[in-house]
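Make a model of the complete structure from these sequences and hints.
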Amino acid sequence: MKTLVLAAASLAMMSGVALASSQNGMIAKFNSSARVITLESGKSFTIPRDVALPPVQVGEQVSIQLNDEGDKVTTVLR
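Numbers -20 to -1, 1 to 58, taken from mature numbering (1 follows the signal peptide of the UniProt record, and there is no 0), label the letters of the sequence shown in order.
Hints are computed from structural coordinates only; laboratory data are not their basis.
Do not rely on the hints blindly, as some may be mistaken.
Below, computed lysine-lysine pairings styled on DSS-like, alpha-carbon distance capped at 25 Å [unchecked claim]:
no., residue 1, residue 2
1, 23, 52
2, 23, 9
3, 9, 52
Given below as structure tokens:
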């Protein structure tokens, strides 16, 4: 029984981490020269030069994937 509880707790914690590593939202502002996307929620993300940036524009829905620490953009999806 203890093993089942520990396994369920581990799975729940891992699921929380996965949710924290992405941000979804509508683009409110986009500065192409600085590579900064600001979502309607007010959160801004600077896209590193080594990350592919698809053609995006204000009003589009995007998903921004972050590294495990949540401090660097790894992928931008439309």
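Compare the structure with the hints numbered earlier in the document and write down the numbers of the violated ones, lowest to highest.
none
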